[in-house]
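One line per chain: the protein sequences are Z and C, in this order. By my numbering, the letter at position 80 of the first sequence is numbered 80, and the numbering carries on one by one without gaps. By my numbering, the letter at position 392 of the second sequence is numbered 392, and the numbering carries on one by one without gaps.
No lab work stands behind these hints: they were computed from the structure. One or more of the hints may lead you astray.
[To be verified] FRET-style restraints, in silico, Cβ to Cβ:
#, chain 1, residue 1, chain 2, residue 2, range
1, Z, M91, C, E438, 41 to 51 Å
2, Z, T58, C, Q251, 37 to 47 Å
3, Z, V13, C, R75, 35 to 45 Å
4, C, D414, Z, S3, 51 to 61 Å
Here a beta-carbon is modelled for each residue, glycine too, at the ideal position from N, C-alpha and C.
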Amino acid sequence: MTSPLFLIAVFAVSTVLGYLIIRQVPSLLHTPLMSGMNALSGVTIVGALSATGVSLLTGGGWLSQTIGCLAIILAAVNVFGGFGVTHRMLMMFNKKKK
Amino acid sequence: MPTLQIILNTLLAVMVLLGISLMSRVKTAVAGNLLSALALFVGVVATLLFNGIVSAWTLWPSIIVGAWIGSMMARRVQMIQMPQTVALFNGLGGGASALVGLLSIHGATRFEQVTALLAIAIGTVTLVGSLVAAGKLHRILNQRPVVYHSALFHSVLTYAALFFTLWAVVDPIRYGDTTDMTLNALAAAVGGTLFGWLFSIRVGGADMPITISLLNSLSGVAGAIAGMAIGDVFLVAVGGIVGASGLLLTQIMCRAMNRSLTSILLATPKTPKTPPTLPTDQALIKRVMDLEKRIQELEAIVKNLEGRVQTLTTAIDSMPAPSAATPQDVEGTTAASVLRAAKDVIIVPGYGMALAQAQHQVHQLATMLERRGARVRYAIHPVAGRMPGHMNVLLAEADVDYEQLYEMEAINDDFATCDAVVVIGANDVLNPAARHAEGTPIYGMPVLNVDQAPQVIICNYDLKPGYAGVENPLYSRQQGVFLELGDAKETLQQLMSAIG
């Protein structure tokens, strides 16, 4: 298992880096940025997949399978919907290019 | 193996950061979004491989169902529904994180148990809060902030939420291995639900940009904590990035509305409307200084007007005598005649434009004016609309070139020198009372300097005060203000046919 300290350090570093980079985004693009971030928060699908998969292969019960599959569905809706919507919005900004 | 996994995860996190930094310019933003999506895709594949769970058959139908629903929604949703869509997706992500937490409450270490419970709590806050916000934006729920009549009831609920959450999280720290975690999970979920509900139900329409940004941040944090519970570096990193972005947007929104985050979180009513009873020396000095400032502003406007009179006089003098003036010119100025003559126009859109879905008409008007040789720009207040950047998206949908969209700081000095301003469904963001009316909710909020413009055409639905409930003195200005009331779509149409 990855050590808790390492995980907390990763969290801290990525927060700071993210903060610094996102500060560069102009308010013109805040809605696409936000929906992009929103899609990224569906990254929890990674967690849902590993938790559900491991549970199935180690003989977890039907309850954890149900919870796990629901988690995967929700996260997948978040990811696909989020990136799709962001893409549509960004294409709108770009179609004016002459 | 774990080393390889960590290296790959770090690389993927860098890819995500790169994708976001590409999103800071319109030209590269599409690529940035795709890069982030690719990173996520690789992350999913890597997770399947590293955990040896490719053969776990239940995963596949779940992914397909979720992907299908998500893609369909992404394709169907209208731009006008974007705020509630973002809120809804956001809530689902939070819900998924809560479920991941629920799956891992039987972790081996206390760290895993505690983070799993925290993920449940924060995930449910996000889920419930986002669903309430989405319901309000979609007008299923009342848009007005709901404040429970009895402050006691409210505090009791808050403390209950706090108690449930704290107990759930602290309990395993004390008795880690012996307690039955089901009860803790339940308590965390109840606490989270209460918090989410309390947080969102009392937020009104105009505070939505702040709420959505904050919920976005929370969904990231929920993901990161769920990642800690299952020891997934990629999840922790990306969750952290999302959390930071939401927090940053929240800060920007708060600054733009001159509200502090705590005042929104704790639902403290904004500065009470009590007039200052005993004007102290300090207050007097401040008032004098404010008046002084106002006089200077007015002087600048007069100066500007004098200059315009001068240029107009010389222009008329140098013109050959006109053959015949159009009847409207004789009758006096109308909104149409002002726009016909204007060479420099600023358009100020607000939430009313979104409500009336008038962005296409706005663009038509702008094109019409441009064809007549005018320069048209759009002034976008940071909190106009219901989510950060709302106006930009709507105008982009109507084919407005993004280079014509200006942020408040970039255009605020130009209002005094432009020929005309067209306001479409905006009120609070241009209410000059924000500068002087101490004790009102909008006092101190940075506003667009529409009042400095010589001619202002207001296409609002009515003259009622905006969300903040403060009268707009601009409406009663004697000169240079044209009120075109009613549905913005129709008034703009009429305006355009009048311009001809």
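Status of each hint after checking the structure:
1. Between Z/M91 and C/E438, the C-beta spacing of about 46 Å keeps the proposed range 41 to 51 Å intact.
2. At about 44 Å, the CB distance of Z/T58 to C/Q251 agrees with the hint of 37 to 47 Å.
3. The hint said 35 to 45 Å for the Cβ distance between Z/V13 and C/R75, and at roughly 36 Å that hint holds.
4. Between C/D414 and Z/S3 the beta carbon distance is about 56 Å. The supplied range of 51 to 61 Å therefore holds.
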